[in-house]
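Chains as they are written, first to last, in the numbering used here: chain A, 1 to 297; chain B, 1001 to 1346; chain C, 2001 to 2266.
Incorrect hints may have been included.
Claimed, not checked - Pairs of lysine-lysine, DSBU-like flavour, derived with a Cα cap of 30 Å:
hint: 1; chain 1: B; residue 1: Lys-1321; chain 2: A; residue 2: Lys-284
hint: 2; chain 1: C; residue 1: Lys-2155; chain 2: C; residue 2: Lys-2133
hint: 3; chain 1: B; residue 1: Lys-1308; chain 2: C; residue 2: Lys-2137
hint: 4; chain 1: C; residue 1: Lys-2137; chain 2: B; residue 2: Lys-1321
hint: 5; chain 1: C; residue 1: Lys-2061; chain 2: C; residue 2: Lys-2012
hint: 6; chain 1: C; residue 1: Lys-2012; chain 2: C; residue 2: Lys-2066
hint: 7; chain 1: A; residue 1: Lys-102; chain 2: B; residue 2: Lys-1013
hint: 8; chain 1: C; residue 1: Lys-2066; chain 2: C; residue 2: Lys-2155
hint: 9; chain 1: B; residue 1: Lys-1213; chain 2: C; residue 2: Lys-2209
hint: 10; chain 1: B; residue 1: Lys-1308; chain 2: A; residue 2: Lys-102
If you are wondering where the hints come from, they were derived from the structure by calculation, not from laboratory data.
What follows is each chain in one-letter form.
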Amino acid sequence: MARIIFIQNIIGGLETGSLYALAALGVVLIYRVSDVTNFAQGEMAMFSTFVTFTIWTYSRAAGLPYPYLIAFIGALIFSAIFGYSIERVFIRPTAESSLLGKMIVTFGLILIVNGSAAAIFGTDSYYMQRAIGGTMIIGNLVVRPHSFFVIFLALVIMAVLFYMIRNTMFGVAIRATAQDRETARLMGVNTTKVTAFTWIMATIMGAIAGLMIAPATNVSTGMMADVHLKSFIAAVLGGFTSFIGPVIGGLIIGIMDNLVGYYISTNWQTVIVYGILILILIFKPYGLFGSRPQKKV
Amino acid sequence: MLDSLTDSHPYTKYIVGTLIFMLMILIDLQLNIFASRTINLFIRVVYFSIMALGFNMLLGFAGQISLGHAAYMGLGAYLTAYFSNFMGWNFLLILLLSGLIPMVLGIALGLIALRMERLYLAIATLGLGVTGQMIFQEWRAFTRGFSGIRLDRPEIFGFAFNNSRHFLLLATAILLLVIILTYNFSRSRTGRALSAMRDSEYASQSLGVSLFKYKLLAFAASSFYVGIAGSLYAYAERFVHPSTWGVELSLDMLAMVVIGGLASIGGSIVGAAFLVLVPRITAATPLLAEITNMNYILTGLAMILVIKYLPLGIYNTIDVKLIQPYLIGRSSKEFRYQDLEKQEEG
Amino acid sequence: MAEEENSLPILKVDNLTKTFGGLVAVDELSFSVPQGIIYGLIGPNGAGKTTVFNMITRFYKPDSGKVLFQSDQGEVDLLDYRVHEIIDLGVARTFQNIELFNNMTVIENLMAGGHSQLKTNFFQEIFRLPGFKAKEKETRQQALEILDFLGLAGKENQPASSQPYGVQKLLELGRILMAEPEIILLDEPAAGMNDSETNRLAKLLQLIKDEFDITIFLVEHDMSLVMDICQQITAINFGKKICQGSPAEIQASEAVQEAYLGRKEN
Chain A
1 MARIIFIQNI IGGLETGSLY ALAALGVVLI YRVSDVTNFA QGEMAMFSTF
51 VTFTIWTYSR AAGLPYPYLI AFIGALIFSA IFGYSIERVF IRPTAESSLL
101 GKMIVTFGLI LIVNGSAAAI FGTDSYYMQR AIGGTMIIGN LVVRPHSFFV
151 IFLALVIMAV LFYMIRNTMF GVAIRATAQD RETARLMGVN TTKVTAFTWI
201 MATIMGAIAG LMIAPATNVS TGMMADVHLK SFIAAVLGGF TSFIGPVIGG
251 LIIGIMDNLV GYYISTNWQT VIVYGILILI LIFKPYGLFG SRPQKKV
Chain B
1001 MLDSLTDSHP YTKYIVGTLI FMLMILIDLQ LNIFASRTIN LFIRVVYFSI
1051 MALGFNMLLG FAGQISLGHA AYMGLGAYLT AYFSNFMGWN FLLILLLSGL
1101 IPMVLGIALG LIALRMERLY LAIATLGLGV TGQMIFQEWR AFTRGFSGIR
1151 LDRPEIFGFA FNNSRHFLLL ATAILLLVII LTYNFSRSRT GRALSAMRDS
1201 EYASQSLGVS LFKYKLLAFA ASSFYVGIAG SLYAYAERFV HPSTWGVELS
1251 LDMLAMVVIG GLASIGGSIV GAAFLVLVPR ITAATPLLAE ITNMNYILTG
1301 LAMILVIKYL PLGIYNTIDV KLIQPYLIGR SSKEFRYQDL EKQEEG
Chain C
2001 MAEEENSLPI LKVDNLTKTF GGLVAVDELS FSVPQGIIYG LIGPNGAGKT
2051 TVFNMITRFY KPDSGKVLFQ SDQGEVDLLD YRVHEIIDLG VARTFQNIEL
2101 FNNMTVIENL MAGGHSQLKT NFFQEIFRLP GFKAKEKETR QQALEILDFL
2151 GLAGKENQPA SSQPYGVQKL LELGRILMAE PEIILLDEPA AGMNDSETNR
2201 LAKLLQLIKD EFDITIFLVE HDMSLVMDIC QQITAINFGK KICQGSPAEI
2251 QASEAVQEAY LGRKEN
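Excised from the complex, chain A in its bound form:
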C-alpha cells in the first residue's frame, strides 16, 4: 500500500514537475536570449489563465460544443498576443537599460499585470475543470488521466521546442543570439524577431502551465505565486546557462515538492524545498547543470 501511495506521489510530482519545467524553461529561454529575467512570468500566466477561464465560461454559457477545447485554443492565441505585446511595449524600449534596470522593469510588470488582473477579473477565486476528468485504475494505482495528459502535453511542447532549437535555421538563430547577441546581430541574425519569439513562446508555456494547474489551485489573482516561485527555484536548480537544466530542475522540484508535501508537511513544503535549494547552491552556486559565465579579466 505504501508503495502504491509512493508511486502515486511520484506521478503527481511528475505532473506538477512538468509544469514547473515548462515555466522554468520559458524563463530561461527569455533570459538566455535577451538578458532579461522575466519575474513577471507568473503574473502573466495568471492573467492568461483568467482570460482562458473567461472564454471557457462564456463558451459553456453560449452552449458551444467542446468549450474546454475552445478555451484551450483561446489560451494559445491570447498568450501569444499577450507575450508579444508585453515585449513590444515594455521590454524593447527598455532594452538599453542596465541589467538591473531590465530586472526592475519586470518587477514593475508584476505590479501592473497583477493590478490589472484584480481590476478586470476581481479578487474572487473560481473553479476550473481539468482537461480530462475522472480517474482510472491501472493495476493497483488510482490515477487521473489529466496527470498523464499534462505530462504528455509538456513533453510534446518541449520536444517540439528542442527539435526546433536543434534542427532548424531559426533554432540556430536562437542559439546564436543566446550565445552572443551582438555578434549574432552583426552576422545578420534578426535578434529582434528571436527575442519576440522567445517571449511569445514563454508566455504560451506559462499560460498552459497556469491552465493545467488551475484545477488544483483554482483561478485567482494569487494562483501562480507559489508555482512561480517554484519554477524559479527549478530554473536556479537546473542552472540558467542551458536549456535542459530548467527542465530537469522542474521535474526534480515537482517530485520533491510532492514527496515533502505528503510525507513531511504541506505547510512547510515551500520552505523545505527552498531550503534544499539553498543547500545545493552552496555547493554548486550555478545550479546542477549551470556553469560559470565566462568573463575576461
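Please build the complex by placing chains B and C on the supplied structure of chain A, with the hints as guidance.
Showing chains B and C alone in chain A's frame:
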C-alpha cells in the same frame, strides 16, 4: 555619488529641512492644523524612509540585491512587540535590539550571498522572504500567527508618547540621526569601498577591498536599518500581522529606491513618500478610486517610466539637472548610472 | 644598502603552471624581474600572457609554482595571499578593459585607490571624528596631487564615466599610484591608443618609474611601446618562455620572430 559635488556642510539641507518640519509639527501640537490621518501619513513616510535607506545601502551603495528584505522588517516589528509586551524594557533598548537581531540574520544571509551571482541571489532572497512570512504565520508562540499582536506606544523616562504628534517628532529625530550617520558613513573609506565593489568587483579587489567583508557589511547594515524601521512600524501602527511582510513589501522597498534614486539619501525619502502617497491619491481621485489595485498599476508604471526616462531616480535627476549646476556654478555633465553589473556581461 | 636591494629581483616567477581542462596554458614558466626597471612580457595572441598576469595578481590559481616577491616584510610567495591582500604587500595592477568605478567621480575613484593606505575605522567614520577628518583630507590632497601629476587637474568632480578613453586609462594609473605600490603590473596599457598617445604613455611610465621609484611590469601587444621603454623583456609562446633579454636581443631572436610571423619555410 552625487552629493559629494557639494562638499562643504553636506548635510545641512537635511538638518535644516528636518528642523523646519519638526517646528511645523510643534506648532501643530498647539493649533491642530493637520488631521490625524495626515499625521499618521507623515509617520509612515518617516519609518518607510528609514526602511528605504536601509535597502538603498544594499542595492544603491553596494550593488547587492535582496527580494526578501520584508522579512527583516517583520522580524524587527515582532521583536519590538514581544519585548514591549512581555519584557517591558526601555524603548531605546528595544529599538536597538530590533535592529541588532535582524542584523545578525542579515550577516547569515550575506554569507550565503557571497557565492551567488545577482540573479541567483535575487531568487534565493525571494524564497527567503516567503520563508520568513511563513515562519511569522506559524510560530504562534512568538507572533500570535494570524491574530496579530498588539502593543502600546513607547515610553521614555515616564513620558508616554500617546499623542501621535509626539511620536512623529520622536520618529523624525531618529530618522535625522540615521541620515547623518549614513551620510558620514557613505563619504568615508567604507562607503567608497562599497561603491567600488558595486561598480567593479575586480578593480575593488585589486585595490584591497575584501568582497567577503564588504558584502557582509552591506547585508548587516541594511538589515539593521530595516529592523529599526520595523520597530518604529510596530510602535506606530500598534499592531503587527504576518500579511504585511510578504513579497509586496519587498517589492515596495525596491520600488522606493528605484523611483526615488539609488545610492541617495534624498532619493530614499522621496521614494518612500511616493509609495505612501500614491495609494492615498488614487483613493481620493474619483476615476482612479473605482479601479481595484490602481495603486499597484501606477507604482508599476512609475517604476518602468523611471527606468526608461529618469534612470537616476526622481530625486537624483532633480539634483543633477537643477540643483547641482546652480550650486557649482558650472555645467556638470549628465551623470548617468551606467551598467551596474559590467562584470556580468558575457 | 641600495646596491644590495637592487641585486635581488623584486619579482621572481618560479615554474608557474596552469592547465585549463586539457589545455596547458602556462608551462613551467620562470623569469625574474629586477627592481626599479620597466619589464615587459610579450607573446602572440593566446601565448598565455594574460593567464600569467592573472596568476601573479591572484585572480587565477596556478596548478603549481611560486611567485616570489620582495616586500617590506621580506620575501613572500604571492600565492599564499588572496586577491585583495597583495596590494598591502605593494603589488598593484590595472585592467585591460578599464575597470573604472563608473558611478563615481574622478576624485572618488582616486580616493578609492587609497583604500589600502587609509586606515580609518567604522566608528570614526560614522561619527566623523577629527582623526577621520584629518586622514580624509590627507587622502584627498594626495589624490589632487596625483591628478596634477597626470595633467588632469580640474577634473576632480567630474563623473569618471564621461571622461575620454585616454583620460580613463590615466585615471586607472592614478588610482593605483594612490596605493603607494612597489611594483605596478599593467595589462596592455597601450590598448586602443594611437601613436602619439602611446608616445606620451611611454614618457609618463618612465616618469612614474623615476618619480615614484616603482618597478613597472607590463604585458603588451604593442611592440613599439615595449621596445621603446622596456629594459628587459620575456617573450613567451604556448605558455613557455622562448626568449629573455634586452630589447635588442629579443628583436634578434629567431624564436620570437617565428612565434609572431611563423616559420620562414611557410
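Cross-check of the supplied hints:
The straight-line distance between the Cα atoms of Lys-1321 (chain B) and Lys-284 (chain A) is roughly 46 Å, outside the 30 Å bound, and the hint therefore fails. The straight-line distance between the Cα atoms of Lys-2155 (chain C) and Lys-2133 (chain C) is roughly 23 Å, inside the 30 Å bound, and the hint therefore holds. About 38 Å separates the Cα atoms of Lys-1308 (chain B) and Lys-2137 (chain C), which puts this hinted pair outside 30 Å; it is violated. Note on Lys-2137 (chain C) and Lys-1321 (chain B): the hinted pairing holds, with a Cα-Cα distance of about 28 Å set against a maximum of 30 Å.
In summary, the hint linking Lys-2061 (chain C) to Lys-2012 (chain C) is supported, as the alpha carbons are separated by about 17 Å, within the 30 Å threshold. The hinted pair formed by Lys-2012 (chain C) and Lys-2066 (chain C) meets the criterion: a straight-line CA distance of about 8 Å does not exceed 30 Å. A C-alpha spacing of about 33 Å is found between Lys-102 (chain A) and Lys-1013 (chain B), which places the hinted pair above 30 Å, so the restraint is violated. Between Lys-2066 (chain C) and Lys-2155 (chain C) the alpha-carbon distance is near 41 Å, which puts this suggested pair outside the 30 Å criterion.
Simply put, Lys-1213 (chain B) and Lys-2209 (chain C) have alpha-carbon atoms about 33 Å apart, too far for the 30 Å limit, and the pair is violated. A C-alpha spacing of about 10 Å is found between Lys-1308 (chain B) and Lys-102 (chain A), which places the hinted pair at or below 30 Å, so the restraint holds.
In the structure shown, a violation is registered for the earlier hints numbered 1, 3, 7, 8 and 9, in ascending order.
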